[in-house]
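Visitor: Protein chains in written order, with my numbering: chain A, 1 to 347; chain B, 1 to 261; chain C, 1 to 267.
Don't take every hint at face value.
Claimed, not checked - Just a few of them, taken from the derived set where beta-carbon distance is under 8 Å, the chain C residues facing chain B:
| id | residue |
| --- | --- |
| 1 | Arg23 |
| 2 | Ala25 |
| 3 | Tyr29 |
| 4 | Glu181 |
| 5 | Gly226 |
| 6 | Leu228 |
| 7 | Pro230 |
| 8 | Glu232 |
| 9 | Ile234 |
| 10 | Gly238 |
Hints were generated in silico from the structure; no laboratory data involved. Remember, it's a predicted structure, so these values are computed and weren't measured experimentally. The beta carbon of each residue, even a glycine, is placed where N, CA and C say it ideally should be.
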Amino acid sequence: MAKIPSLLVVFQRKNKHLPKPIPIIHVARLSKHYQVPVREAGLRQAARALIQRQHRTVKAVDEISFFIHPGEVVGFLGPNGAGKTTTLKMLSGLLHPTSGQVRVLGYEPHRRQRAFLEQITLVMGNRNQLAWDLPALDSFELQRAIYGIPEHEYRQRRDEFIALLDLQDLVHKPVRNLSLGERMKMEIVGALLHRPQVLFLDEPTIGLDVTMQRRIRTFISEYNRRYGASVMLTSHYMADVEALCKRVIVIHHGRILYDGDLSGLVERFSAYKTINLTLKNGPVSLEQYGEVVSQEGSNASLRVPKSETSRITSRLLTEQAVADLTVVDPPIEDVIETVFNQQAEAA
Amino acid sequence: MRLLSLAYTYLRVGILNELQYRVNFFIQILQSLIALVVGLIGLWLVFDHTTDLNGWTQPELLAVMGVFILMGGLIRAAIQPNMMRLLDDVQQGTLDFALTKPVDAQVIVSVREFRLWQVVDVILGLGVVVAAVLRLESRFTLPDLLGFLIALALGGVMIYCFWLMLTSTAFWIIRVYELVNLFEGLYAAGRWPVSIYPNWLRFGLTFLIPVAFAVTVPAEALTGRLTPLTLLGAGLLAAGLFLLARLVWRLGVRNYSGASA
Amino acid sequence: MKRYLDFYLTNMKTAVLVEFQYRWANYFYMIGMIAEPVIYLVVWSTVAEAQGGQVGGYTAGSFAAYYIVWTLVRNMNIVFTPYGWEERIQRGRLSMELLRPIHPLHNDVAFFAGWKLVVIVLWLPLAAFLAWIFKPTLQPSLLEVGVFFIAIWGAYLIRTMALSLLGMITFWTTRVSAIFEMYFAAELVLSGRLVPMSLMPEWVQRLAGFLPFQWTFGYPIESLIGALTPGELIGGLGMQALWIGIGILLVNVVWRFGIRRFSAVGN
């Protein structure tokens, strides 16, 4: 096994809940660099570029390392262009790494051996695999043939998934007549029929309404529970991540910023707390206490540094006529945003 | 006048748009040349085995081919792209944008698109026509030229009417791709003078799909075959088709509004 | 092996279901397509009549046979287009296909093979109509019919390989339409699509002998209309097999390099 970077050892010790220390996904100092042509404005520059192209290296993924254990559900977070999709593509075997090591289920993904492909799946929220003009049932049949699933196992799983997602009435309709959410459910059924051990889910709930998102979340978590499969999930919806993932990996500019418990993320990166208060005697200026996020009538919301929280709270209680006061952690979205913004300034 | 300036504005936008993609110009030249070479090979093969085809000599058939290429370029530059967009609009329910403008909607849907690079075919076709006329034995006179231009314009109008009727009625049954394929397949018959086809086909190519008027009649003008009677007939038919197309278009729009309400 | 058979049959069934839904669209496509051979047929029948009934060994009746059989062979020749490759690489559809534990080319071959079954059924009434109009002279022997039915699938496979190779150019560069069109032009002239090869000058026929084109058009047509000796019939199947072999070899080599590039750049 490759040498484990010291940073990872720390995270591993922190994650005491890990079942067994045999990783199912093993990534060490993995990088992906792209050569992109430098485009300059203007006709003359464009003509010159035809003969002699200027290239620039973009480090989409830059020496990342992590382990994922059997049965873990890991949220993979980062802004657009952070390297999430590139990483998922390297893990699933679509992209060849520039350097570093990847092992998934003991295989080198980019060799795309059949035994490997039969145990993984990649679902992308914006791509569909099912035949557009046919009922999903026919496409499932095709999946059966592609993955060589024995007939009885196929039927049993298919019916199980269909029941779990409540799709009984829809499997006979042409896919083109389904709503976006119904179609996504079908996509997921199709992608799991061969019962993969590793699931890569890239924005599986994108564009869906809240109920549908919840439905898909429940299903993924049920699948994970029943079959002990590992899941790597990217999503813009923090609700997905909060509901499914104990552990998150935050990536930005191709580097890992954080790898650990979701709760630890807030603890670690949020330097601020929010004080919500209601005043007895109408609006007063609160600027002296901290950053005023909002103030409407007698309700106000203040953002204060974490270390100052208790001091400011007691000052408020003594100096103002306070009817009600609560201190809360900022929402996870805000924390993540802060993380990315801080990083952007540092870069 | 207002309609003309509207058409001009759309044309200008279309040209500016296409100018951004200059590579397409060179690709178009290459493709047009390939098509020309293939056409010439076909012509040459025929005359390798015979001296005349149903009364048409080689330079005369070259003239037919020139008109065929020229008219094909016009159709693909100005008529076909508009009709394809119309079909798209009807199928996706986005025709409302055109229908809510304070100008005759038929004009709008007919001038919105222009494929500048297809003009390569127009120029190439013109070149072939000139080459053919120079090789003709008979003298080419001014009335011939005039007849040619009028016949060409009438042919263009008829093709436009045909496309408009096709688009206004057939949208519920076929996809764009098949429609274009169907038209191009039938138009390809114009590569040869329609007189060589069996009667039933000649009738179809004259009155159902006006390929005869779009290609053969202008070519007759070039080769001194055009009678004033044919030209008069073409004029009357063009006018009739125009009225019919307008009627069909109106019905189509009424149908469309009814369906989307 | 059993697994591939299962995959092919299931995929072909899927294709039949999809394309049968689009039977009207398919029909319009066929009607548009039939204009081309009808034009050739009319021109060459006219030439034959002007030449006292026959040209290059063909009479009006045998031209009719040639170009009516042509319509079926042309339909068999429709495969996944090189333009489709451009789209599937750029839009990322290929990525999803690569994650299946089966080579994407199997998918193409199987799907279009299924489509052919629909096409053949739709073609029959059209062929009957054309035969009624143009009165072909066609009296195939049992051997000719047998060879023909193998040869049209051979043609299908050769053209699949050729157009896949062409399509795979888009792994390296886009804007390849001019190259595609050049290929189609060469194919038109050198395959027997435009005219029977026997009407071509000697040197063109010799040139075509070194190229795969005629095995996808001229040969299957001639095998049915009685233009070939038994030796030529069987030998032709051998040539088809040879070209399929060369095609598979080249496709595999180019595919390997193409995928290497694809997984370096990604899409």
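Visitor: Check each numbered hint against the structure and report the violated ones by number, ascending.
Guide: Failing hints, ascending: 1, 5, 6, 7, 8, 9 and 10.
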